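Trainee: Assemble the complex: chain A is given as a structure, and chain B must be docked to it using the hints.
Number of protein chains: 2
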Amino acid sequence: MSNKKQHPSALHEKPGISPPEIISPIAVAHIKKFRKIQPSPKELVEGILAGNITALSRAITLVESTNSDHLAKANEVIDACLPHANKSIRIGITGVPGVGKSTFIEAFGKHLTSLGKKVAVLAVDPSSTISHGSILGDKTRMEELVKDENAFIRPSASGETLGGVARKTRETITLCEACGFDTIIIETVGVGQSETAVHSMADFFLLLKISGAGDELQGIKRGIMEMADAIVINKADGDNIRKANLAKVEFNRALHLFPAKKSGWIPTTSTCSAITHEGISAVWKTIAQFLELTKENNYFFEKRKEQNQYWMLETINEQLKLNFYNHPKIHQLLDSTKKAVQNDEISPFAAAQLLLEKYFKF
Amino acid sequence: MSNKKQHPSALHEKPGISPPEIISPIAVAHIKKFRKIQPSPKELVEGILAGNITALSRAITLVESTNSDHLAKANEVIDACLPHANKSIRIGITGVPGVGKSTFIEAFGKHLTSLGKKVAVLAVDPSSTISHGSILGDKTRMEELVKDENAFIRPSASGETLGGVARKTRETITLCEACGFDTIIIETVGVGQSETAVHSMADFFLLLKISGAGDELQGIKRGIMEMADAIVINKADGDNIRKANLAKVEFNRALHLFPAKKSGWIPTTSTCSAITHEGISAVWKTIAQFLELTKENNYFFEKRKEQNQYWMLETINEQLKLNFYNHPKIHQLLDSTKKAVQNDEISPFAAAQLLLEKYFKF
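Quick mapping for you: the protein sequence lines, in order, are chains A and B. Going by the numbering used here, the first residue of the first sequence is number 1, and it counts up by one from there. Going by the numbering used here, the first residue of the second sequence is number 1, and it counts up by one from there.
The following block holds chain A by itself, in its conformation from the complex:
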C-alpha cells in the first residue's frame, strides 16, 4: 500500500485557496459609481439650457473629441443650442506673453461679474498642444475668477491645425451662450495667425500692450494693430504711469494712420492696471459704447452674419486642402516637387498643375 499521491506531471497543481482577484469588487463598485453613463445629446442640451456647468463641460469635451462618433453627437448638441445662442457680447483679447493677459482678464472678468454678468473665458492657442497651454493652461493664474460661480474658464482646445482649434472654440462659444453666459472673452497670444481667427469670432477686439518694453516684446504680427477696436496699455501703475501715458499718445497717433473702420467706430487707447484696478471699469464702458453704436448702425448684426458665412467657407477651404495634402499620391510627390520649384527647375504654376492632375485623376 502506498500512501504516495500520484503526480502525473510536473505541471500538476495542488488545490489551494484561489488567488485574490486583481481588481477588488469594492473598488469596481466605487469606480462605477463615478463613471456616469455618457449622457445623450438631448440630455446635454437640456442641461446646458438649464445652466448646468457639468453638462456644458461634457458637451465641450464632445466638441473637442476627435472620435467621429462624438462629432455627430456634438453637431446634434450644437444645432439644438443654436436658437438659444448669440445673445452675448464676444470680446477678443490679444497681447504677447508678458503684457499680463491673465491678470487683466481676471480683474476685468471680476468687474464684469460684479455688474451681474455671466462671463466665459475661452482661448485659441494652437501651440498649446506642444506647450501644453501657455495660456489659460494654469488656472491658478486666475485664482479669483476661477472661484466665481458666474465665471467659466476653459483652456484652449488642442489640435493639429489652427483651423481645428478655432472651430472647436467657436462651437464652444455657442454652447456657452446657450448655457446663459452673456459675456464671452476669447483670449489669444499676439504672435501668430490665431488673431485673425479670434477677430473672426469676436464682436470687439482688444489689444493689450505695456509701455517701456523692447520691440521684441511688443512684436505683434502684422495687421493686429489694425484689427484693434481698443488698445489698452496695461501695468500703468507705480513708476510706469508716465511711460504708459506716453505710449498711449503714441499708439493713438499710430491708429490715426489707419483707414476708418467699417463699423464707424474710432479705436480708443487707454491705460489700466490689473493690479490697482485703475482703468478696468473704463474698458467695459468703452465696449458698451461700441455696442451701442454698432447695434444702432446695424454693423453688429451684419458682422455676425458675415462671420457665420466666413466660418462656413473657411471650414470648406480647410477641408479641401486637408483632403488634397493628405492624399497618398500627393503626399508622396509633394516634397520633391517643392524642391524642384524652389530650385527653379519647374515653374510654380506648372508644378501645381502637375500635382492637381494627379489628384483629380485619382
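Heads up, a few of these hints could be off.
It does not matter which identical chain is meant; a pair holds if it fits inside one copy or across any two.
[As the list claims (entries may be wrong)] DSS-like, lysine-lysine: derived pairs with alpha carbons at most 30 Å apart:
no., residue 1, residue 2
1, Lys303, Lys358
2, Lys329, Lys73
3, Lys358, Lys295
4, Lys73, Lys303
5, Lys305, Lys295
6, Lys305, Lys262
7, Lys358, Lys321
8, Lys261, Lys305
9, Lys305, Lys329
10, Lys295, Lys338
11, Lys110, Lys285
12, Lys117, Lys87
If you're looking for bench data, these hints aren't it; they were derived computationally from the structure. This structure is a prediction, so every number in the text was calculated from the model and none was measured.
Mentor: Just chain B, lined up with the frame of chain A:
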C-alpha cells in the same frame, strides 16, 4: 428654220462674264503679308533670349490667353525661360490712386534706364477687367518711359480672379527676365488684396504716399504699411515740402511700432517729387543698400525660394476652391446654405460638412 434659242427652263443662265470675287486676291496677299504664322514655343524662346520685344509680347499674350491650347504652349515657353530668369531685382510699388504712381514710376524708370538698366513695368490689377485698366491702361501717362528703348511697359493682365491675374503677372516676370530686363517694377493699387500678391513676387516693397491728404486717400488696406521696405512720400514740391517732411517723421515713428523684419532691413522713409526729380535717385540708392544687405545675409535668395513655393501652394489652393465652388451640385446648394448659416439655422461647421459630403460623394 427657227433661229430661236431653246430655253429649257426659267432657271437657264446665259453665259456671261464671271462676277468679281468678293475678296480681291490683292487684298488677300496684303493681309497675309501681315498675318504672320503663330510662332512655335521654340521660336518664341529663341526670340526672348535674343532680347526680341515682339517675341516677348507674343509670349505674354500666350500666357494671358484663356485658350487651353495656348496654356500648354505658354508653359513650354516659361519652363524653357526659367533657367535664364531670376537675374533681376523685382520692385513692388503700391499706393492709392492720387499719390502719383504713374509719374513716380516714369521718373524712377527713366532714372534707372539712365543708369544703364533695362526696366520692365508690369501691373497687378484684378479690377482692370471692369475698369479697363485704372492703372497702366493709359500708357500716355508714362510718355517718356514708353519711348525709352530700354523700358518695356505692359498693362495688367485681365482675369476674373486675383489669383489668375497674379499668376499671369508672375509668369510675365519670368519672361521679361529671360528677355534681359534686370529691373522689374510691379505696380498695384493700394486698396485691395493685390498687395499681398505683389508682395509675394517682389524682392523690395515700396509704399507711395502723399502728405496732407485726408484719411480716405491714405486709406490703404490692413497690413500694407507693415509690408513696406520703404515709404516714399511723393509730391514733396512747392508748398508741400514742409508737410511732406512732417509726414515722413510721422510715418517713421509709426514704422518703429512694428516688429523687426526677418530680412534684417530697417524700413526707410523719404520724400520725393516726381516732377522736380528731387529724391528719386535716393530711392534707388535705398534699394541698392537693401540688395547689398539681403544678398549678404542670404535673405534675398531664401525669400525667392519661399516665394516659388508660396506660388505653387497658392495655385493649388485656388484650383481646389475653383473646382469645388464651380461644381454643379455645390453651385446649386451654396446660396441657400449660406442663408441658413447667416440666419443661425445651422452651424457654419455642420453646413460645411454637408456641402463637403455632397462634393466628395460625387
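Trainee: Decide, hint by hint, whether the structure agrees.
Mentor: We went through each hint and held it up to the structure:
When the C-alpha separation of Lys303 and Lys358 is checked against a cutoff of 30 Å, the pair qualifies only between copies, where the shortest distance is 28 Å, while the shortest distance within a copy is 40 Å. Taking the shortest Cα distances, Lys329 and Lys73 sit within 30 Å of each other only across copies (27 Å), while inside one copy they are farther apart (33 Å). Taking the closest pair of Cα atoms, Lys358 and Lys295 never come within 30 Å of each other, the shortest separation being 50 Å inside a single copy and 37 Å across copies. For the homomeric pair Lys73 and Lys303, the shortest alpha-carbon distance inside one copy (29 Å) is at most 30 Å, but the shortest distance between copies (46 Å) is not.
Taking the shortest alpha-carbon separations for Lys305 and Lys295, only the intra-copy value of 13 Å comes in at or below 30 Å, while the best inter-copy value is 47 Å. Taking identical chains as interchangeable, the C-alpha atoms of Lys305 and Lys262 lie at most 30 Å apart only when both belong to the same chain, with a minimum of 15 Å there against 37 Å between chains. Within a single copy, Lys358 and Lys321 get their C-alpha atoms as close as 15 Å, and across copies as close as 16 Å, so both meet the 30 Å cut-off. In this assembly of identical chains, the alpha carbons of Lys261 and Lys305 lie at most 30 Å apart only when taken from the same copy (18 Å versus 36 Å across copies).
Within a single copy, Lys305 and Lys329 get their C-alpha atoms only as close as 38 Å, which misses the 30 Å cut-off; across copies the closest is 24 Å, which meets it. Taking the shortest alpha-carbon separations for Lys295 and Lys338, only the inter-copy value of 23 Å comes in at or below 30 Å, while the best intra-copy value is 48 Å. For the identical chains of this complex, Lys110 and Lys285 are intra-copy neighbours only, at 15 Å inside a copy versus 56 Å across copies, given an alpha-carbon limit of 30 Å. Proximity of Lys117 to Lys87 under the C-alpha cut-off of 30 Å is restricted to the intra-copy arrangement: shortest distance 12 Å within a copy versus 62 Å between copies.
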